[in-house]
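Trainee: Next come the chains, spelled out residue by residue.
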Amino acid sequence: MEWKHRSLIDLDTWSREEIEYLLENAKNMEDLLDRPIKKVPALRGKLVVNLFYEPSTRTRVSFELAEKFLSADVVNWSVSGSSSVKGETLRDTAWTLESMGADAVVIRHGAVGSAAYLKNKLKRSAVFNGGDGTHAHPTQALLDIYTAWKRLGHLDGKKMTIIGDIQHSRVARSNMIGFKTMGANVVLSGPPTLLPPDLESFGAVYEANPFEAVKEADIVYLLRIQKERQDEGLFPSLDEYFLTYGADERLIKAAAKEALIMHPGPVNRRVEIESAVADGPQSAILAQVRSGVAVRMALLYLCLGGAGKE
Amino acid sequence: MTILLRNGLIFDGEKLGEKAKDVLIEGGKIQKVGETQPQRGMENHTYDLDGKIVCPGFIDLHVHLRDPGQEWREDIPSGALAAAAGGFSTVVAMPNTDPPIDCASLVQYVMNRGMSSQGARVLPAGTVTKGRSGERLAELAKMAAAGAVFFTDDGSPVWKSGLLHKALLYTRNLGVRIMEHPEDLDLSRGAQVNWGYSSSRSGLKGSPVSSEVSDIHRGIHLSEETGSPVHFTHVSSKKGIEAVRLAKRQGLSVTADVTCHHLVLDESAVVDSRYDSLFKVNPPLRSSTDRDALWEGICDGTVDAIITDHAPYHSDEKDVPFQEAPFGIASLECAVAAVLTEWNNRGKPCPLERMLYLWTAGPARLLPKKWSNLGKIREGGPADITVLDPGIEKTVDPSLWRSKAKMTPWKGRTFANWPIMTIVEGRIVFGETE
Amino acid sequence: MEDADTYKTGKFRRQGDFALDKGDNRRNSRRCLLFLWGVLGLLREKAKVMNADEMTRALKRLAHEILEKNRGGENCLLVGIQRRGVHLANRLKEYIKETESKKVPSGVLDITLYRDDLTLLHDQPVVHSTAIPVDISNKTVILVDDVIYTGRTTRAALDALMDLGRPSAVQLCVLIDRGHRELPIHPDFVGKSVPTSQDEVVEVRVNELDGVDEVVICQREEYRQ
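Residue numbers (this note's numbering), protein chains in the order written: chain L, 1 to 310; chain U, 311 to 744; chain P, 745 to 969.
No lab work stands behind these hints, which were simulated from the structure alone.
Some hints here could point you the wrong way.
Stated by the list, open to error - Derived pair list, reagent style BS3-like, types lysine-lysine, alpha-carbon separation capped at 27 Å:
{"id": "1", "chain 1": "U", "residue 1": "K476", "chain 2": "L", "residue 2": "K123"}
{"id": "2", "chain 1": "U", "residue 1": "K476", "chain 2": "U", "residue 2": "K704"}
{"id": "3", "chain 1": "U", "residue 1": "K721", "chain 2": "L", "residue 2": "K121"}
{"id": "4", "chain 1": "U", "residue 1": "K658", "chain 2": "U", "residue 2": "K558"}
What the hints assert, rightly or not - Coverage of chain L stretches by chain P, computed from C-beta distances (three or more under 8 Å per stretch; other residues unrestricted):
{"id": "5", "stretch": "40 to 53"}
{"id": "6", "stretch": "194 to 207"}
As the list claims (entries may be wrong) - Partial list, derived from the structure: chain L residues whose beta carbon lies under 7 Å from chain U:
{"id": "7", "residue": "A111"}
{"id": "8", "residue": "A116"}
{"id": "9", "residue": "H135"}
For glycine and all other residues, C-beta sits at the position ideal for the given N, C-alpha and C.
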């Protein structure tokens, strides 16, 4: 297959073949994680900058491991104490990074559209979206797809139920698009105030009753509930949320017997998920973390190697 | 100066003539419409238009010229030149400047600065409330006397209903309309895009159509009760158009305008561009259904005027990620061609006369009596002329613009139907001197 | 592997890989592709170096040489380099079993991530799996590849091996040595030495992937307009 992507902004333009090709590569990358020496020289001499405007230990560490296992040179450029505090614009930061010779920039930024913006400003460097505001978190979706695909064999016709704050979740948005592309059926549940008004454009359906929503589901995906949504008055209290939509053992029983329980982390225990479920036998939460490194390695390998693309 | 425009098709504000005629301009007035032979000494100011359309000077009821206070974005001289280059002979400058135009002396400032500028005629709008704060009425009568042609808190609605009620009553006898920016701020709090497709795809907070419609309904009821006319600016939704249509059918003194960008673009542009800040405007770009409804409103007479809502920013302010960018785009110098190209692409849903009316007699009707002779071509009337060339195709190149603001979503787009000459009171303010 | 070092033939090889998925048609589609390249003027089949029988004979001889040098294959491990080396290693394993009725373990090595030309290629090559069932430490590893050319593939394979453990010795077995070494690397076992020029490509075809056992020399021609 001729790999045409050099950057990853969102999954809207990725075909099923492309995602599957990446998954296949990721599988062989995951084997590396079991070796005594995990480092391979594939990206030797490439400079990757992790540009993080929001604190995110998980995504940054996962990208950093992937970069290091592929022998790229890694620079972490974090917001705290750095230039954005001094008021440097993203545009100037972008050009600075490029002048320093960055081959790729992984960006996590609070503003929707920041990753696409960065890509437009950079002539040479590839851009990987590590989360742009509420818009997209495509590598999270790829690692979730990988985790489920490996466990279930394929995703065709599988039922995935996502519960929680769909509207403000970049994870939910990228997953809805990615799992749909892979042939899964996506069902959503949660308070209607946390739901996007236009579900049709995602090909997803809403089911108010969480027990109905998870019925026969192969994957139950719980989203992190942010305290600030309560402050905005989108639901009255975290306790009421848990009692209505929280994933406890009773709810999980309603899903398919071997259903995977997934969560992007970090987990709010007894808000969106109960400990017994998060730590239970069906939980794929730690497998997701491991997948993250393999999937990001495959992504970096496919996009960063090769001369003269784009 | 004497100018002779030969062989143009005349649009007089209502009808488009079928036979080419000549227009003779002398002393800032239209002297004669009909056959005129060029006389000795007039050669330099005689233009053979060869079937191009001679219209009354176009009027834009809604532009932001940022003067006083934000002159790095635009000022009255640059805005007036930009307007002229876009085919407009008259523009109404919105009062949300710094300080806001909320008293007679500031109205006078805008008038004076407009008069000393080269391009289009600049008419001032004053704020409804002191300091545009939405708390108490500004000195409306004094501003009316100084020459304010609208009262508006544009950028914000007059959100206190009691205050809007008082403002409508108070201005009933002033002959100056209130222009309401229809938005319920509580419904649209934090909104960046339309509540619907674009808010769903982006996760951004959406401004629901109800925010616009509820304010329009409120305004209609207040207008009816006070017996004072009200004008709704930049109506963007189907429901908004329907509310205005219904009020008009009931014989109420309610009018509305729509922007060029809401006619040409919808929210899919926001998503497809991957949240390019050049598509960030307020009210937000709505659905394609809403856009279709605006065109229906144009065809059936619900809409009274097309505006640009030219909202200039320095490119450093606008060249940031979508969520961090201010609302507004620059469009004065391509709006007419953009709208007429869209009209053409839609299979000409209404006669060209209707489109031209919305830039001429339509908006002129909404201005105070003093300006009621604008928007028409009549012998003895003021020589405000816009010449439109339906044959010409040009590509939008903001680097050539007279406006200080270059941030437009249409850079590089090719449009047909460009204004090629603008005349204000007998002075050619834009156009080739062949 | 060596002929995958350049863009044009790298692409050619991968297209060939694609053709093998087509089951019974694989031979035809490969020929069809060859024909297409012929039409494009990029690769022209020039001479056959080995046919199926000659290939079997050469491999059997190599199996004997390996046994001879390693005292009956004691403590040996055959490691085939993805992709055609893997099948050659499997054959060697069979022939060793026939001769000595002894099972020598074998494994598969993918050297893609160790290549020194990744940044020069137009497209990233697919990462195949590496699967070596036993610990290579203190073993005699016999690396098996189809062709040795510049020696760069072998260099990458050595690096990949060293990351997996510390073998007591590494030996190199190739079916074809076509010369033009760019690194100080010398094979221990050679099926056949074939003098070639730089603008030629040596294609080893194995039944498992290509539907035929043979070795051919193709002429690479510059594309002219």
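Trainee: Now, for every hint given, state plainly whether the structure supports it.
Mentor: For each hint, the structure was consulted:
1. For the proposed pair U/K476 and L/K123, the alpha carbon gap of about 57 Å is over 27 Å, so the pair is violated.
2. A C-alpha spacing of about 48 Å is found between U/K476 and U/K704, which places the hinted pair above 27 Å, so the restraint is violated.
3. Restraint check for U/K721 and L/K121: the C-alpha separation of about 17 Å stays at or below 27 Å, so the hint holds.
4. Restraint check for U/K658 and U/K558: satisfied, since their Cα atoms lie roughly 24 Å apart, inside the 27 Å limit.
5. Check on the stretch 40 to 53 of chain L: 6 of its residues sit with their Cβ under 8 Å from a Cβ of chain P, so the three-residue criterion for coverage holds.
6. Taking a C-beta to C-beta cut-off of 8 Å, the stretch 194 to 207 of chain L contributes 0 residues in contact with chain P, too few for the three needed, and the coverage statement is violated.
7. Evaluation of the L/A111 hint against chain U yields a held restraint, the C-beta minimum of about 4 Å falling below 7 Å.
8. Taken as an interface hint, L/A116 checks out: its beta carbon lies about 4 Å from the nearest beta carbon of chain U, inside 7 Å.
9. Checking L/H135 against chain U by beta carbon gives a least distance of about 5 Å; that is within 7 Å, so the hint holds.
In summary, the numbered hints that this structure violates are 1, 2 and 6.
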